[in-house]
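Listed here are the chains, written in short residue letters.
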Amino acid sequence: MLFIAIIAVAALVLVVASFVVLRRSDDTLTVDRIEPSDVVTVDDVAPKVQPVEEREEPRPTFADRLGTARQALGGLLGGVFSGRIEPATWDALEEALIRADVGVTTSLDVIETVRSQASDRDVTDSADLRELVKTELVKRLEGFDRSLHSGSADGPAVWLFVGVNGVGKTTTIGKLARRQRDQGQSVLLAAGDTFRAAAAEQLTMWAERSDVPIVRGGEGADPSSVVFDAVESANARKVDLVLADTAGRLQNKTNLMEELSKVRRVAEKGAGSVTETLLVLDATTGQNGLSQAKVFAEAVDVTGVVLTKLDGSAKGGIVVAIHCELGVPVKLVGLGEGINDLVEFDPTAFVDALMG
Amino acid sequence: MFENLTDRFDGIFGRLRGRGRLNEDDVDEALREIRLALLEADVNLDVVKNLVGRIRERAVGADLSKALNPAQQVVKIVLEELTASLGGQAMSLTYASKPPTVVLMAGLQGAGKTTNSAKLASWFKRQGRSPLLVGADLQRPAAVEQLRTLGSQISVPVFSEPSDPVEVARRSIEEASRTGRDVVIVDTAGRLAIDDELMAEVGRISGAVNPHYTFLVIDAMTGQDAVNTAAAFNETLELDGVILTKLDGDARGGAALSVKEVVGKPIAFASIGEKLDEFETFHPDRLASRILGMGDVETLIEKAEQVFEKEQAEQAASRLLDGTFTLEDFLEQMQQVKKMGPLGNLVGMMPGIPKEARGMEIDERRLARVEGMIRSMTPTERAQPELIDSSRRQRIAAGSGMQPSDVKSLLDQFGQMRKMMKQFAGFGTKKQSPKNRRGNNPKRGKKGGNRTGGGRTTPKGPAEVPKTPLSLPGLDADGLSDFGLR
Chain A
1 MLFIAIIAVA ALVLVVASFV VLRRSDDTLT VDRIEPSDVV TVDDVAPKVQ
51 PVEEREEPRP TFADRLGTAR QALGGLLGGV FSGRIEPATW DALEEALIRA
101 DVGVTTSLDV IETVRSQASD RDVTDSADLR ELVKTELVKR LEGFDRSLHS
151 GSADGPAVWL FVGVNGVGKT TTIGKLARRQ RDQGQSVLLA AGDTFRAAAA
201 EQLTMWAERS DVPIVRGGEG ADPSSVVFDA VESANARKVD LVLADTAGRL
251 QNKTNLMEEL SKVRRVAEKG AGSVTETLLV LDATTGQNGL SQAKVFAEAV
301 DVTGVVLTKL DGSAKGGIVV AIHCELGVPV KLVGLGEGIN DLVEFDPTAF
351 VDALMG
Chain B
357 MFENLTDRFD GIFGRLRGRG RLNEDDVDEA LREIRLALLE ADVNLDVVKN
407 LVGRIRERAV GADLSKALNP AQQVVKIVLE ELTASLGGQA MSLTYASKPP
457 TVVLMAGLQG AGKTTNSAKL ASWFKRQGRS PLLVGADLQR PAAVEQLRTL
507 GSQISVPVFS EPSDPVEVAR RSIEEASRTG RDVVIVDTAG RLAIDDELMA
557 EVGRISGAVN PHYTFLVIDA MTGQDAVNTA AAFNETLELD GVILTKLDGD
607 ARGGAALSVK EVVGKPIAFA SIGEKLDEFE TFHPDRLASR ILGMGDVETL
657 IEKAEQVFEK EQAEQAASRL LDGTFTLEDF LEQMQQVKKM GPLGNLVGMM
707 PGIPKEARGM EIDERRLARV EGMIRSMTPT ERAQPELIDS SRRQRIAAGS
757 GMQPSDVKSL LDQFGQMRKM MKQFAGFGTK KQSPKNRRGN NPKRGKKGGN
807 RTGGGRTTPK GPAEVPKTPL SLPGLDADGL SDFGLR
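Protein chains in written order, with my numbering: chain A, 1 to 356; chain B, 357 to 842.
Worth double-checking, as some hints may not be accurate.
What follows is a list of derived Cβ distance ranges for each label pair [as the list claims (entries may be wrong)]:
1. Ser273/A to Lys775/B: 45 to 53 angstroms
2. Pro760/B to Thr113/A: 43 to 51 angstroms
3. Leu326/A to Arg731/B: 40 to 48 angstroms
4. Val138/A to Arg560/B: 36 to 44 angstroms
5. Ser761/B to Leu108/A: 27 to 35 angstroms
6. Glu380/B to Ser116/A: 26 to 34 angstroms
Here are some chain B residues pointing at chain A (derived, C-beta under 7 angstroms) [as the list claims (entries may be wrong)]:
7. Ala452
8. Met577
9. Ala607
FYI, nobody ran anything at the bench for these hints, they're computed from the structure.
The beta carbon of each residue, even a glycine, is placed where N, CA and C say it ideally should be.
Please build the complete structure, drawing on both the sequences and the hints.
Structure below.
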């Protein structure tokens, strides 16, 4: 039984080795071609198309929305930060950070810094320690440009949304369409997810809710061409901003990541320019989030993260490592299913929630 | 970083050789590594603590076995504990005596409920059942549309109506009885475990259909929060099992272990790809080595067994070790390997592969280029690559649309591999005694016969196939424990 595996392995060894050599020559072989997508329809969604009832609530702030989640959770750290600092306090602190998905390496690093600060400043009360930890975490999250860029006046700006399956790319675009429209921009959606069943229908429903046009291709059409067509269409109509959806893909699927790089390149072939490439990340994601950010950043030059589903009990601590290690900031946060539940990231509110 | 826990343990336990027992200090040092590996794999902290405690209890004072070195012994204990925690056996489903058998799917947003409802329906279909899919997710835009599209892809009817999820679920049972479907799979909207209103709603859906199986759909990438989610859903719904999705990613899947530990319900199925048939019953032992980052040799072997002819593989293996492996053999083996699935997935399953190579998916087009070059060679050239001079290179390159330098590098790589394999065999195994060797395979002998003009028969001639199983360094009796095979 075993030698069957050995032969497979041996053959694999060579095959893998050959690829490494061939990779170089391969690069020159890739030619970008824009194929016409099967069907391209441009839906101008007239307001008469059944406006979906939306509760028009004031846009919540990050802190408002997290407040509810925090109450539901109770303080993880309630007991830790009272009385004098003991060796157990440090362990409890490490555990709290690990439970928030900050990760072992980053947690230990933060604790190391705080520990030396505490000894420098003679901090002995654990309530003060809490503040030190918060300050340190906020410091690590600060100093990033979190604004969303719309570029210059020539041609439409393109915001490309990327990420693994099920993180909420389509929903984020749906919410953002309304947000940008409300801010006075003209918006067009590009249904670049031609793989998942009914993804384009889902985005179309969001387009109707926000009353913005959408460009979609047939199922299985080349996503690059759909996005290209959308940008051309936006340019012709003098639309400011194209929000381009892409199919979810796991970052270890090299072919799909190459497809994504191509989408990004092709999006700039016409009049438009990609001014934001946003990685959508699910707050429940654990340590794999760092790998997602790394690989997507390599493939498409990610400019920011949208952290979704932060209204649940998950804390999204992995973004601390993403900030520190990759220098990619969180720009937006998803805090619910309503069309207004997409807000700007606020490091202080985030850290408050992280620390229970 | 923890691609090979055994290697790290080797360092820790190196000084122990020759001693009789593991003492506390040695074990504690190893346990720190284990804790880190488990946390990096997103196993819940409380679960890690319990596990580490149990492992410690078993490891401290354990007699060192003669067959295993201390590192291997600890890894063996860790794997056994992980496998036991994940549930020893694959879950088997039974069907209701009075159909339909009702299955309820629940979980957070984006876990993969809709896709996996369809995958499960396809699985039931393969078991000879006639499932009905029920779209009770009326919340997410186009969720029912998605289910209908998936349903039509697998030819399974989908029932839904724009009323209310509880009503849809209730009516679906009547629909199933009316249309003679014997399995009903109810897809529900994603909901947060802390959303009391929606949790109550899924409770009502469950009350309306009285499911025989309730599955929680969990993303393999989920972090520490997986246990809170699972516990909350279990409280409302009394789960029967878990469906672990997106296991084809590079997440280690520690969440599965956490969920199993906390709610005590087995992982029934795992989703391992985007295609609707890439869905299988869950094998706990395989995930155990994956969580530790140790490869998935069993799946690899299982796949290999499906495609490789035993005889043929034996011959190829022996030629590989003799250094008489030809490009023709390579081409043949490559065809077999291709049948096993995407190469990148296979590489990921092999133990001891560097991290960089592990996650990488290999472009099948490159494979095709290698194949193209070999196919542009004459049979003689395939058997004796050393015959290939610059003019032959030119011809091969032209024939396969590559550059002569590509042909050269292929040949160089091949030569190196052959040398490497020979060395591998040289220091690993005892020399096979000639009487253990089998004669040549007549078919091969003929095929490899007088084709060459160079006066030399091709190395494809007598294949030397040892009767005793081949054994290689690292894959011998001791090494097997590395992979949890013993």
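Exercise for the section: Return the numbers of the hints above that this structure violates; sort them in rising order. Expected result: Violated hints: 2, 5 and 7; rest satisfied.
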